[in-house]
Amino acid sequence: MVWALPELVRRFSGVRVAVLGDLMLDRYITGRVRRISPEAPVPVVEVERTFERPGGAANVAANVRALGAVTTIIGLIGTDPDGDRLRAVLAEAGLSADWIIAPVDRSTTVKTRIVAHGQQIVRVDRESTRVLDDETAGALVEAFLHVDGPDVVILSDYGKGVLSAPVCSEIISHCHKRGVPVIVDPKGNDYRRYMHATAVTPNQHEAAQALGVQNVADLSFQRAREYFLDELEMEAALITQGELGMTLLIPRHSPIQFPATARDVADVTGAGDTATSVFAMTVAIGGSFQDAALLANAAAGIVVGKAGTALVSPDELIEAVQPRAVVRGHRPR
4 MVWALPELVR RFSGVRVAVL GDLMLDRYIT GRVRRISPEA PVPVVEVERT FERPGGAANV
64 AANVRALGAV TTIIGLIGTD PDGDRLRAVL AEAGLSADWI IAPVDRSTTV KTRIVAHGQQ
124 IVRVDRESTR VLDDETAGAL VEAFLHVDGP DVVILSDYGK GVLSAPVCSE IISHCHKRGV
184 PVIVDPKGND YRRYMHATAV TPNQHEAAQA LGVQNVADLS FQRAREYFLD ELEMEAALIT
244 QGELGMTLLI PRHSPIQFPA TARDVADVTG AGDTATSVFA MTVAIGGSFQ DAALLANAAA
304 GIVVGKAGTA LVSPDELIEA VQPRAVVRGH RPR
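Residue 4 is where the sequence shown starts when you use the numbering used here, and the numbers rise one by one after that.
It is worth saying that the hints were derived from the structure and are not from the lab.
The structure displayed is predicted, hence computed values, not measured ones.
Here are the computed lysine to aspartate or glutamate pairs in the EDC-like style, where the Cα-Cα straight-line distance is at most 20 Å:
1. K190 x D128
2. K190 x E130
3. K114 x E95
4. K180 x E236
5. K114 x D85
6. K114 x E51
7. K114 x E55
8. K114 x D128
9. K309 x E246
10. K190 x E229
11. K309 x E322
12. K180 x D154
13. K190 x E173
14. K309 x E55
15. K114 x D87
16. K309 x E319
17. K190 x E234
18. K180 x D151
19. K190 x E236
20. K180 x E145
Distance windows between CB atoms, simulated:
21. S131 x R195: 20 to 26 Å
22. L247 x A43: 36 to 42 Å
23. D101 x H199: 26 to 32 Å
24. F54 x R181: 36 to 42 Å
25. E42 x G289: 56 to 62 Å
26. S223 x G191: 16 to 22 Å
27. A43 x R181: 53 to 59 Å
28. E138 x R181: 24 to 30 Å
29. L247 x P84: 37 to 43 Å
30. A168 x A7: 36 to 42 Å
31. T115 x D136: 26 to 32 Å
All C-beta atoms, glycine included, are put in the ideal place defined by N, C-alpha and C.
Build out the structure end to end from the sequences listed, making use of the hints.
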């Protein structure tokens, strides 16, 4: 059946999505600058507000939850106050922490952004990127295997060590046997661990890095298609390109370009998470890859117009795509 784009968005409600990856706490310290420090040539920020949001894979989970999905989140946090705070922030977003593991030797990843007058001044990161030991990797896979029949799985890789090659291989193999699509938001230069995933959603810099290209301007979509679709045996790749929009790579088609839809850009934080979330949910309900790319592009255009790590509602997305007609095209197997 062919669906109009607004109807596809309405069908997001109740889709079962499992998100596995690098969980983070995004902390924002906002205020105003009235003077320069006498200690060094830096602005002095007078703090007015501090707040936190789910970050990394947790932001992906928050995105699919906001769009109506039944969401399961799997990952690691530390046994520290920031880990407790991330659990609370997830609960506020309607997300359960039941399948989140807290190894005693790992700290919670926290990104602290200091913002004055709407402008980010500096970001301070605290993170652990150690390779997982066999016990922790096994516990993550075991947690995933207890998830009740997801319609789609999102692997959200921020390079913090959770999505190791053994973990990715186990998850993708399990899903492949059961016909469950796996959408990967990748990181790093070794994409072999994502082999046989359904689709991958790198930004242009990540795609260039995967292909060993130094200059993004030299990125060849033909070479990218050969790498992602032929060598890694995926069904699609959606390359996000910021103000240039997105490019979809699928079999038997020339690269399909989707121009950016944003009118105003306030903050690009989390736009990739939003695009991956919408792309994955569209695939889960049987939309074509073209449908999925159209909706992902529209959703990214909405979220970059909001400050901070933001979410898109179904109503916002429906309004954004209301005039559009459905695109008939390649559907995932």
